[in-house]
Amino acid sequence: MSNISKNNRNLLYPGLLWFAIFFALPLLVIIIYSFTDNYIFSGSGLHFTMNNFFAIFKKQHYLLILGRSLKISFITTVFSIIFSYPVAYFLAKKTRFDRLLIVFLMIPFWINYLIRIFAWKLLLSENGILNQLLLFAGIFDEPFKILYSQTAVILGLIYTYTPMMVLPLYATILKIDSSLNEAARDLGASRIGAFFDITFRLSLTGIFAGTLLVFIPALGSFAIPAILGGTDSMMIGNMVENQFLHVGNWNFGSAFTIALAALSIALILFYSRIFGLESIYRDRGI
Amino acid sequence: MKNKKPVFLTVYTALFFIYIFAPLIIIFIFAWNGGEGYNFPLQGTTWKWFLELFNDRMAIKAIKNSLVIAVVSATVSAILGTALTLAVIKGVRKFKTALLTLLMLPVLMPSLTIGISALVFFRTISFPLGIPAVILSHVSISLSYVLLSMMGRIEGINLEIQEACIDLGASWFASLKDIIFPILLPAILAGWLFSFMISWNEFIVTYFLIGTDVTLPIYIFSQLRFGISPKVNVISVLITIFTILAIVILVALRRIYLKIRAKII
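Here the protein sequences come in this chain order: A and B.
Quick note: the first sequence, position 186, residue 186 per this note's numbering, numbers continuous.
Take any residue in the second sequence, count from 1 to its spot, add 1000: that is its number in this note's numbering.
Just chain B, same shape as in the assembly (with noise of 0.2 Å):
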């Protein structure tokens, strides 16, 4: 029973990636299709919709305004996100349990809850809709993130450390620059990049908040609404392509992360 192949097992599971996949497959061949509609046979390969993309203002404007806010918002959470960890795992003792169940609130409640009751709040201090509103939700939603993909490795790290710095001489804040942030530089990129994506992505507290703005997410959305045009296959085709870059990279900062590591110990 043991050395039986699991064939059953093994096709379903190459079934399902090809049922995962297939999305993708679709828009890249359309992509370069040289036809105007969605419709086989194929009509020879074409980079116009790649000019045509580059040549759509709104849509640059949209790839710009998620660009920027997914850099504000991931730096931003990165850096408070990392504090806020830091605090919950190794400074609080009371209310520990309840403060983490607080924090993981915007991980587990529907995206409409937050997005909703984000607009009903600006619009009631009568903050202006738009990207800064959009940035200061989207942290205090990417908090969580950071905290979740954080907390193991900074459970790992002891503070004795710390503390023979300090017994040492080194001011608080010397040795959280010099010992701490250098431990945990790979997994405060890592949480970077993890707040990254999630605003990059984020539709629906996005659609509320942005206001007359553009974003990537919502401009495809509009597309989507009122016909299609195979520009939308080229920006998919860019975004996979960067998030296969910034996987490999992950994996990379792991590699060297873990090498770093060994030779320490």
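Isolated chain A (complex conformation) (with noise of 0.2 Å):
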């Protein structure tokens, strides 16, 4: 028995290696870059530093990328759950079709969604689709200029990273037992109070999870701004391209990479500790 086990284990190994060559140390190899201020293998060693973090504060330009790409992930997250609750709702509840409705809803998620965007850079073009067909309707008599703008990063973020958040809400919703609320309902709850005090609470832990896979891509993301955005709309992944690609300041283009990192495993590390709050909950029988 041991030794089978002992076997199985041993199948470990090569996955680990690969993950710890190819991922792993990468990682630690920007987090050495991050905290010194020259090339690893410059041969004058190296000098640990922290004016690479630092220079992120210093200058007003970055701390403006930095806040604005918190802002506009931000609004990207609320919006997602507003237009994906909903949806998970009744999907969840609502109707028998729900696992055919979300396999067609993962669809154009397969297809790259550098398409998708373009289709967007279509639609909302100031002689595109939209504008067109509102002008023909004789909705508007101008056309609207809304490309290359933070809303238009914004619209193409929602769009793209929405069905990540129907998934997990769907699967949270679809777990609450229907006869909580009509137990509240029985109790004298009113409808829309019932389902702030039942089926809403017990979906947080679906929103938290829904936001960890929105908000962090979000942050992270550099086609969309780069196709949609306008000078207003730079963010820190267009920032972290220019450090690499065109400036060449690895050490400082690390930091900030670091600094998102962070960023995201913060948030990871606070999702983890509400879901263990959430687990508690739910050991009570609640």
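To be clear, the hints were calculated from the coordinates, so they are not data collected in a lab.
One or more of the hints may lead you astray.
[What the hints assert, rightly or not] If you anchor each label on the Cβ, the simulated ranges turn out as follows:
#1 B:E1160 / A:F270: 34 to 44 Å
#2 A:S178 / B:T1101: 25 to 35 Å
#3 A:L134 / B:I1241: 23 to 33 Å
Every residue gets a Cβ at the ideal spot worked out from N, C-alpha and C, and that includes glycine.
Two chains, each in its own frame: build the complex with the hints.
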């Protein structure tokens, strides 16, 4: 018995080794870069410094980009929750075709998001399809100009990441026992009151899981602002790309990348804290 | 209240699906539109964009490179990932949660961080950028997705069969090959398809590691930046059809698997 499980455990190593060399080690390398001010093989030894991180806070330009990225990702997340909640609720509680519809929902998700963003560009541009329709119908007199702005970036991000919110929300709402809601109603709660006190509260774990899946990729996005955004919508991703591919300051670029990773990891830890609290909540039988 | 039809929710969900599919519909229309630009009214149907795509060397090369990267990464990640998942779920007892959290990082971390760190790593050790670098990095990401998709299936299998098999005189390797592998085959194929799709669609990590070469997402990105040819629509139509086929195959595999399992039990 113990021999079998020992052999089975040895299956771990090839995959783990690959993971360690091509995922963990590179992370370690940029962490080293972010705390030093020269190249690793420059021959003059490593000088540890915090200056790369201080530099982020010294220039207003960088703080602006950081703040803007947080703002754009936050708005994206809020709207993706609002947009997807009714859909997730419908799929979980009001239809028998939920599994088929979920498969349907996943089809565009598997198609490269660049292509879908390109289609939005066609829809939103000044002589684009939406404008042509609106002008033709006489709703607007002048075409709206939305492309190459923060709004366009946010619209693109919401579109791309909202399906990521639907899935965990659907999964959590599906597990909520409908009789809890009925009990609340029998005890005199209004429909809206019962919804917020029971269903909404119990679906918070789904909202948090969805938030991770939307906020983190939105924060690190770089293609969408590059395609839909203008000069006022540069995000962390564009800034980091610029540092590595054009400016060539690896140490500062690494510090910025690590800051992004740290923000994401903080969010994940925060989530697991709340998730922990939530499970205590559930153990009490509520 | 129970029998009342949720009119609002139904309409809302329908609108949501239209919203999700709207870009695809637009792309389909303009893949066959005769006109040069993107204007209404439409100007008759044409196949000329399809012909133009097939005559575009760069696009064909991009599709070929993407296929090579996706097939190789999916195959390596399916093999290593299956072994890894089996070991983590059924073999490891100490530090299991810590290990799982660590292995989930590629799913949760921004691709930008992964791409940048891989770029810096390969440049630091003077490993040339290009398709091999992309594959090495894609596998390290896909492993997590294979783990994620196979965890449930592997938790469900009972290793007593393996023990019984070994008690009856089979070697450990034979028990793996003849018992565990057939049981897991559908899950392995699903994991393969999953990591294929991830590699095939992956843009950010590829963008940093591809060097001067080209893959399909990179090609599309460059097209988006410098003028948009309806050829891109044709690629999208082909990918959509391909994706739907893949989903149909996946669903069929699941059906067959469930049938076989029902027969055994």
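Each hint, compared with the structure:
1. B:E1160 / A:F270: 34 to 44 Å: holds, 41 Å
2. A:S178 / B:T1101: 25 to 35 Å: holds, 34 Å
3. A:L134 / B:I1241: 23 to 33 Å: holds, 32 Å
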